[in-house]
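Undergrad: Here's the letter readout for the chains.
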Amino acid sequence: MNQPLITVERLTKRFDVSRSMADILTGRYPQLQAVADVNFTLERGETLGIVGESGCGKTTLGRMLIKLIPASEGTIRFDGQDISGMDRAAELAFRRRAQFVFQNPFDALNPHFTILRSLREPLHNARVPIEDHVERIADAMRMVHLPAPEHFLQSFPHQLSGGQLQRVVLARALVLRPDFIVADEPVSMLDVSVRAGILNVLREVRDQMGLAAVFISHDLALVRYVCARTLTMYLGAVVEDGPTADIVGTPLHPYTKALVQAVPIPRVDQSHDPLPIIGGVPDARNPPSGCRFRDRCPVAQARCTSEVPRLRDVGGGRRVACHFV
Amino acid sequence: MLLEVRNLVIDYRATRGRVRAVDGVSFDVPAGAVVGVVGESGCGKTTAVRAITRIMPSSAVFAAGSISLDGKDLVQISDREMRKHLWRDIAYIPQSAMNALDPVWRVGKQVEEVLVDRGGMNRKAARARSEELFAMVGLEAKRLRDYPHQFSGGMRQRASIALALALSPKLVIADEPVTALDVVIQRQVLDTFVDLQKQLNLSVILVTHDISVVAYVCDYVVVMYAGKVVESGPVADVLDSPGHPYTMGLYNAFPELGSDDRELSPIEGSPPDLMDPPKGCRFRLRCPFAIGDCMQDPPEHFVGEGHVAYCHRASEAHQLRHKAKRTETWVGVTTE
Numbered sequence: 001m002n003q004p005l006i007t008v009e010r011l012t013k014r015f016d017v018s019r020s021m022a023d024i025l026t027g028r029y030p031q032l033q034a035v036a037d038v039n040f041t042l043e044r045g046e047t048l049g050i051v052g053e054s055g056c057g058k059t060t061l062g063r064m065l066i067k068l069i070p071a072s073e074g075t076i077r078f079d080g081q082d083i084s085g086m087d088r089a090a091e092l093a094f095r096r097r098a099q100f101v102f103q104n105p106f107d108a109l110n111p112h113f114t115i116l117r118s119l120r121e122p123l124h125n126a127r128v129p130i131e132d133h134v135e136r137i138a139d140a141m142r143m144v145h146l147p148a149p150e151h152f153l154q155s156f157p158h159q160l161s162g163g164q165l166q167r168v169v170l171a172r173a174l175v176l177r178p179d180f181i182v183a184d185e186p187v188s189m190l191d192v193s194v195r196a197g198i199l200n201v202l203r204e205v206r207d208q209m210g211l212a213a214v215f216i217s218h219d220l221a222l223v224r225y226v227c228a229r230t231l232t233m234y235l236g237a238v239v240e241d242g243p244t245a246d247i248v249g250t251p252l253h254p255y256t257k258a259l260v261q262a263v264p265i266p267r268v269d270q271s272h273d274p275l276p277i278i279g280g281v282p283d284a285r286n287p288p289s290g291c292r293f294r295d296r297c298p299v300a301q302a303r304c305t306s307e308v309p310r311l312r313d314v315g316g317g318r319r320v321a322c323h324f325v
Numbered sequence: 001m002l003l004e005v006r007n008l009v010i011d012y013r014a015t016r017g018r019v020r021a022v023d024g025v026s027f028d029v030p031a032g033a034v035v036g037v038v039g040e041s042g043c044g045k046t047t048a049v050r051a052i053t054r055i056m057p058s059s060a061v062f063a064a065g066s067i068s069l070d071g072k073d074l075v076q077i078s079d080r081e082m083r084k085h086l087w088r089d090i091a092y093i094p095q096s097a098m099n100a101l102d103p104v105w106r107v108g109k110q111v112e113e114v115l116v117d118r119g120g121m122n123r124k125a126a127r128a129r130s131e132e133l134f135a136m137v138g139l140e141a142k143r144l145r146d147y148p149h150q151f152s153g154g155m156r157q158r159a160s161i162a163l164a165l166a167l168s169p170k171l172v173i174a175d176e177p178v179t180a181l182d183v184v185i186q187r188q189v190l191d192t193f194v195d196l197q198k199q200l201n202l203s204v205i206l207v208t209h210d211i212s213v214v215a216y217v218c219d220y221v222v223v224m225y226a227g228k229v230v231e232s233g234p235v236a237d238v239l240d241s242p243g244h245p246y247t248m249g250l251y252n253a254f255p256e257l258g259s260d261d262r263e264l265s266p267i268e269g270s271p272p273d274l275m276d277p278p279k280g281c282r283f284r285l286r287c288p289f290a291i292g293d294c295m296q297d298p299p300e301h302f303v304g305e306g307h308v309a310y311c312h313r314a315s316e317a318h319q320l321r322h323k324a325k326r327t328e329t330w331v332g333v334t335t336e
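Listed in order, the protein sequences are those of chains A and B.
Okay, so the first sequence: first residue is 1 according to our numbering, each after it adds one.
Okay, so the second sequence: first residue is 1 according to our numbering, each after it adds one.
Chain B on its own, in the form it takes in the complex (with noise of 0.2 Å):
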């Protein structure tokens, strides 16, 4: 296993308490593969992820947990070991390509700056490397010459892959890459990324709320919902057998383009507040299957072989999953 993140526990200090954006998170990334993180905004699911990078806000706390590369837990370093890591080994892909890019500085200026300063390199050979990595991800050579907002916004994004690129890294966490961008120019684009990937065999992480993307190039998905993973395993496992009813939820709240006017049931309600969340299952408030024991927390269950649902249900997630597909199933569930 190339990544093991186990009970992470992220709190950020604000003027009311502390809020526990990420409440005892674990997944892992098998070397080579592309795992999914999904959930709605505030579901603390950039929170997790960036926290393997160690880019967090001053406010950010780690309560707890183990993040391992290779063996190697992430949190004990410091943070002079933790930037000899940067870019080799971990590289992010941040959610709008303008944060990737500085405005005042030519994109190749930026590309070689990385492996310059990163990579050891002389300024010839960063050179030559920038162009190769930008025709791996489709740009042309002379756009080096370019300043960010010469590009548009899908070359932004190609700039900012070619970017986490630079120094090989092994795992690559991509923030919602394309959520800004046009459909046609997202589809090309996950395309020249999900090249890439076979192509050096990186492993990566991609966060969205966007669960068509996931399946489009995930192999593994998490789902989190209010700080917690609800669901994980393969995706055409959870996609077409979800054992956990927010999943079945999303799925069902999901347009889909080639299906027939199937009707879409909203989840009713909003995710809690994480200054003071629900005791038990955290979803239970706006899920149509709650019984007494919600109250409890859920116990893992495997739906199947290294797929898990935290549910007290779970095992009758069969049945479920038919109630699920029907409208009225998600009509008045909400008792607030």
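Isolated chain A (complex conformation) (with noise of 0.2 Å):
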């Protein structure tokens, strides 16, 4: 059993984009690659960062993982079985052990639903016995400290703060006992004094459960403080894998390196140097050939048009897709 939790292969996610009328007269179907060829493990009690911009496919490449959609080529294993070919009672299992949290708590719940049914709803979905349903609510509340008196359970979303929804949303999330929850930019909506709330319970989670998970966000910052690993993406592909601490303090990739020196700090004392990076992000249905980064890469050559950089392994457990690193 020393198989990690999830094996992703070759993954690659396209969608079509709506055709102009010289596509329609030429007969193409234009499409948008959004991830493309990621390869990565996830070992059990594991949490990875995945950070990009918007458009980079870190949201897509989340949505998979938990088979909300489907992939267009290559396979996601976890615990060795291929999510996509599954009967159905191991699609139910699968769905018991892997769950989704989303990013605005204040549409992630049933408006008509009290916060007792919407935490209930997993355990009648997965045939938990009724009897052990109080054990179960009380134990996600208390995991994500949420205050657990009857009224409590019997308010409806619109009484609730942003960050206890997004709690809420959480305890649903674990309601279940996961092996593996993946958590779409589950702070962006919440104001700054309530985020540290949520991504303390996030750590306390991942100590106390030994869950994997999976955390994407477009802050460098946040991943760094709940993720052991990231993984940074760039128009659909992973330019850079490896311990965050590492990838924060000695960033490899050109891309990578362009995105820690972006994040601002509260202090006075910072480096206003310019970025090493050049322009906006490229048009994603027609990216550039060879590294997708090259265009706006301060160290590309001429290979880096011709022939497409493997993420490869250098050492320390860090892997970088760059021809010059």
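Simulated from the structure, these hints should not be mistaken for laboratory data.
Please read all numbers here as calculations on a predicted model, not as lab measurements.
Each hint can be trusted.
Partner residues aside, some chain B positions facing chain A, computed with beta carbon under 8 Å:
1. Ile185
2. Phe254
3. Pro255
4. Glu256
5. Leu257
Coverage of chain A stretches by chain B, computed from C-beta distances (three or more under 8 Å per stretch; other residues unrestricted):
6. 180-193
7. 208-220
8. 268-275
Cβ coordinates follow ideal geometry from the N, Cα and C atoms, glycine included.
Two independent chains are provided; combine them into the complex using the hints.
TA: Encoded structure:
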């Protein structure tokens, strides 16, 4: 049983995009490659951050991991089993073991359901015996530091604050005691003073429940706080993978370098040096040949146009997709 | 002093009565300085600065106070006169660039409209000036022919900066100008903005919830909580030696990329209902250092040169800062 919990191989996702008149006349069906040939493994109990800018494919990747959307190519194996070809029983078991935490707590809960009903729904769906419900719900609520009194469970989402709602959303994901959760920007909708509470809960969940987690965020500082390991994505491809402290301390890929330098810190004595990056993210429907980052890269050379850099091992548990590292 | 806001009080008429969104706010904007206004959602920061432009929803009521720009009280003048100051003296960059730009007009047309209608320029001069403005903010002149939807988020924000600078205002009010942008683009837009601010010696009010953005661009900072200013002063002083527990809490709740595993402490509870705010200090119900005196309105305390905190215990700020750094200080504070 020493295999990783999740093994992702050659995972690719393409979306159809709307056709222009020229596309229709020439019979083309343009596609956008949201996730391009991603490979990684996730161990039991490991927390992995996925960072990158909007449109880099981090959310699409997270959704595929939890089977909210199918992959176009490649496989995801969960506990050795390919998640795309599951029978009904296996699928039910997978859905119990893998949970998703949505970004916006204000619309992740059904406004007509009481908090109790929202928390019970997954237990019903997973056929957990009714006599266990009270204990399961109490455990999940304790885990996320929610008050347990009756009146709280009987309240509706609109009566709670954003921070409380996000705790309920988390509790709902934890109530089935999953082995794996994917949290997509779980604090981006919350105020700073409340955010810290949710991040601390995520850290406790990580330490106490020993579940594997993928934390998707555009904010490297948040990922650093919660995750031991980080993947950096750019235009659908993983460009760097490694221990978060190392990635933040000594980023190797030119894109990660720019990303780390771009994060402002709450101190007056910070670098105002221009970023080592050129322009903005290119059109994802038509990414550059070879290395996708090359037209913004300060060290790009001719080779980067023709040859796609492979994500290769550079030691110390780190992988980088750049010809010059 | 370019702008002096004194005891500004703004109410919103609501079905349940009046909500005092801004309650006695005062701050200054020196010429050529960047002043950050920070606070959480609903603290009144946007209301307070938009009041300067008088671009307010019809439910807003100026209840008291003065806003003096170069010695002239903007609260007392007529709407007609106020319109003369907008764009020419005061420009506003709203939160979402999509709100600054009309989707059905080419961007260039919108810049020209300001230059012609408000600046009295002829079409030809306006066109030349538009190109100049676009070059200033780092956009190609040919992009003037584009519609807003053809722009990326960063480009739209650059375009709304160009629009704001069209008539060379003295004061630019930017409300969360980079919040919706990705971190790399955010940094690039901020750098452009800061360069222009220095070059043109602009005065800027920057509204944000992000203290790291304040640290990156501002000279002074005003911290607001539940409709009131709790602390203000030079950025370095306020961030390095905060005098108000709320500022301390905000800093400790903020994840910082460079620091090694500093534990974050949330501020428990949520801001008070402004319909019925607590008596005395508005932060006292969430404050780990609250004492009996906090039932009274907090006094003004000078922490340092130009650095003010409104707190009964500001004289002990030095000790409180040490306690505030410990996570357990912030646990189990709320009494509700």
